[in-house]
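*Asks:* Given next are the chains, with one letter for each unit.
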Amino acid sequence: MMTLKQSRRLQSVLLGTLAWAIALLLFFPIFWMLLTSFKTEIDAFATPPQFIFTPTLENYLHIQERSDYFKFAWNSVTISFGATIIGLLLAVPAAYSMAFFETRLTKQTLLWMLSTKMLPAVGVLMPIYLMAKSLGLLDTRLGLIIIYTLINLPIMVWMVYTYFKDIPKDILEAARLDGATTLQEIVRVLLPISKGGLASTALLSLILCWNEAFWSLNLTSSNAAPLTALIASYSSPEGLFWAKLSAVSTLACAPILLFGWISQKQLVRGLSFGAVK
Amino acid sequence: MATLKIRNLRKGFDTIEIIKGIDLDIHDREFVVFVGPSGCGKSTLLRLIAGLEDVTSGTLELDGRDITEISPAKRDLAMVFQTYALYPHMTVRKNMSFALDLAGIAKREVDRKVEEAARILELGHLLDRKPRQLSGGQRQRVAIGRAIVRHPKIFLFDEPLSNLDAALRVQMRLELARLHQELKATMIYVTHDQVEAMTLATKVVVLNAGRIEQIGSPLELYHQPANLFVAGFLGTPKMGFLKARVVQTSSTATDIELAAGPRLRLPFEGSQLAVGSEVTLGIRPEHLVIDPNGQLPVTTDVTERLGSDTYCHMVTASDEPLTVRVPGDFAAAYGESLKLALDISHCHLFDTRGYAVSRVLQQAA
Ligand SMILES: Nc1ncnc2c1ncn2[C@@H]1O[C@H](COP(=O)(O)OP(=O)(O)OP(=O)(O)O)[C@@H](O)[C@H]1O
Ligand SMILES: [Mg+2]
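Protein chains in written order, with the working numbering: chain A, 6 to 282; chain B, 8 to 372.
Heads up, a few of these hints could be off.
[To be verified] With a straight-line cut-off of 25 angstroms between C-alpha atoms, the simulated BS3-like cross-links for lysine-lysine are:
#1 200(A) / 101(B)
#2 114(B) / 101(B)
#3 12(B) / 191(B)
#4 170(A) / 137(B)
#5 174(A) / 160(B)
#6 210(B) / 245(B)
#7 101(B) / 174(A)
#8 81(B) / 191(B)
#9 174(A) / 250(B)
#10 174(A) / 112(A)
#11 174(A) / 138(A)
#12 170(A) / 270(A)
#13 76(A) / 138(A)
#14 137(B) / 174(A)
#15 112(A) / 170(A)
#16 137(B) / 270(A)
#17 200(A) / 137(B)
None of these hints come from the bench; they were simulated from the model.
All chains, full assembly: derive it from the sequences and hints.
*Replies:* In structure tokens form, the structure reads like this:
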């Protein structure tokens with residue numbers, strides 16, 4: 006017979022193993038991409054796949070020769086941060102009024118905003134392309150910033166709203182009686198209290214913008230193209246080059262992975278809703 | 008100086024009217040307590056005064072200035088919330104100085120005021136802590152301190168003690184009474200605890216379903232309740248009520264026959280009462296005596312021993328409950344038949360609609 010303690014221990018070992026297995030399964034493609042990026046094109050194609058090979062940096066050198074990685078990366082950074090900052094500037098006031106001055110239409114408005122995310126993006130490709138064209142926003146970073154802001158706004162409002170909902174209304178009312186204007190109430194009381202939630206909202210927006218590939222491919226060509234467009238340019242014309250594609254993908258993923266990893270602590274805290282009490 | 012005039016104040020949420028026409032004058036240095044059952048609109052009334060809710064109609068006037076449409080930030084009122092509502096990201100010191108900082112008061116002056124409030128409330132050693140590092144009682148003090156530093160025209164309290172344990176509640180109650188004296192402040196205090204209402208108030212406002220039932224000093228309300236609601240609401244244990252019928256009236260006395268049996272002649276102005284109409288006799292537990300020669304036969308139910316006193320719960324022949332306060336060492340067996348003597352000079356009589364019938368003035372002997 007197993008004691009209760011033993012069976013608990015067994016359970017936690019089994020669960021741990023399962024979790025690791027799933028994590029490895031999910032991580033494997035990324036690992037394989039990283040591995041392939043250091044192979045020659047010949048090694049990359051070999052069957053059976055090789056785990057042991059002589060690593061080379063030639064793919065990375067090739068990429069920097071053919072295209073200016075840093076230009077693409079800089080576009081990704083400015084577009085992602087631009088869209089995130091503007092998104093937050095719009096989402097915070099919207100969520101503030103919805104969370105603390107609820108009307109009968111608030112819930113419907115939230116649902117409606119989220120429902121816009123259910124349309125396939127390609128459905129509005131034509132009108133948006135034409136609008137961007139006539140406004141002179143094709144292949145500009147501003148164009149993508151506007152599009153990304155609008156795409157992510159519903160999720161950002163929803164997330165910020167959820168964090169704000171967790172904050173006792175009394176605290177803001179106390180500030181109001183203490184003589185705070187609406188702006189002071191938001192800036193000096195609400196925002197500091199919800200900074201964990203705002204950080205994770207910002208991080209999510211950054212990741213979504215960084216990885217967005219549909220609009221960036223369709224609305225940019227050279228000037229404003231971000232890293233996703235750089236990857237795509239390696240998958241097309243003269244057949245597939247696995248090793249180079251892997252290298253460019255690694256380069257595209259690395260900054261956001263690194264950034265996400267550094268802010269992981271903040272993110273976990275923010276994602277566990279109800280962190281403010 | 009702070010006087011508040013409330014005129015025909017109404018408030019509805021959607022279509023439901025919650026505050027149904029309140030007229031009230033609050034004078035300088037009064038300690039006004041709003042008391043009433045849960046959901047009667049006490050908090051809503053306080054929030055209307057604070058400006059946290061918009062009025063539906065009516066006016067609020069503070070020191071002669073119409074503040075009905077003025078934002079809460081500009082009313083110069085301070086509120087202590089039931090949940091304390093401290094700013095969680097600020098130290099105790101910052102919590103208390105926030106309003107002064109916003110008002111642009113010089114730092115030295117702010118520090119002086121915070122130190123003074125901290126001294127009054129014995130918070131000195133906690134000034135650099137965050138609210139989450141404080142106990143419930145300490146948080147409560149900070150919330151009060153935050154109000155004190157501002158020297159507001161009126162302090163508003165919404166059930167500030169209800170989250171504290173019993174011992175701390177008694178202690179804070181005393182401190183609030185002391186603060187009221189020391190600060191010479193005007194305070195409005197919401198509670199559903201009638202002990203707080205009786206002990207703290209200079210003026211009690213009894214609310215019921217959005218209306219004022221009666222306004223008066225604690226003892227006025229206790230000794231001369233205007234109606235059945237107030238009579239039943241104030242006092243522990245509650246006043247006993249006995250159904251009765253009017254048999255004979257005159258300008259100096261009213262004869263009634265209790266549903267429980269006996270006839271009584273009471274010193275009440277009878278001219279307003281119709282013979283045969285239903286009335287209610289009210290009598291408090293301390294005005295009943297167990298007496299073998301008493302008028303009212305009862306059967307004992309359970310007894311509650313508090314040490315100093317014992318509350319004997321009784322049932323009359325007409326199945327109406329009555330409570331008698333007797334000395335602590337009194338013993339009565341369950342189901343025992345006893346007789347009660349009523350102290351006629353302390354009875355209350357309520358007419359068919361529940362309004363108090365006025366007592367005949369005592370003639371000089
Ligand atoms: N924002 C609101 N929207 C709709 N109804 C409300 C709102 N605030 C209060 N009410 C209603 O108004 C009534 C009075 O509420 P209020 O909070 O003033 O009662 P209260 O006397 O303070 O009760 P308690 O002793 O339980 O605190 C309640 O029936 C409540 O449901
Ligand atoms: Mg209340």
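*Asks:* Taking the numbered hints from earlier one at a time, note which ones the structure violates and give those numbers from smallest to largest.
*Replies:* 9 and 11
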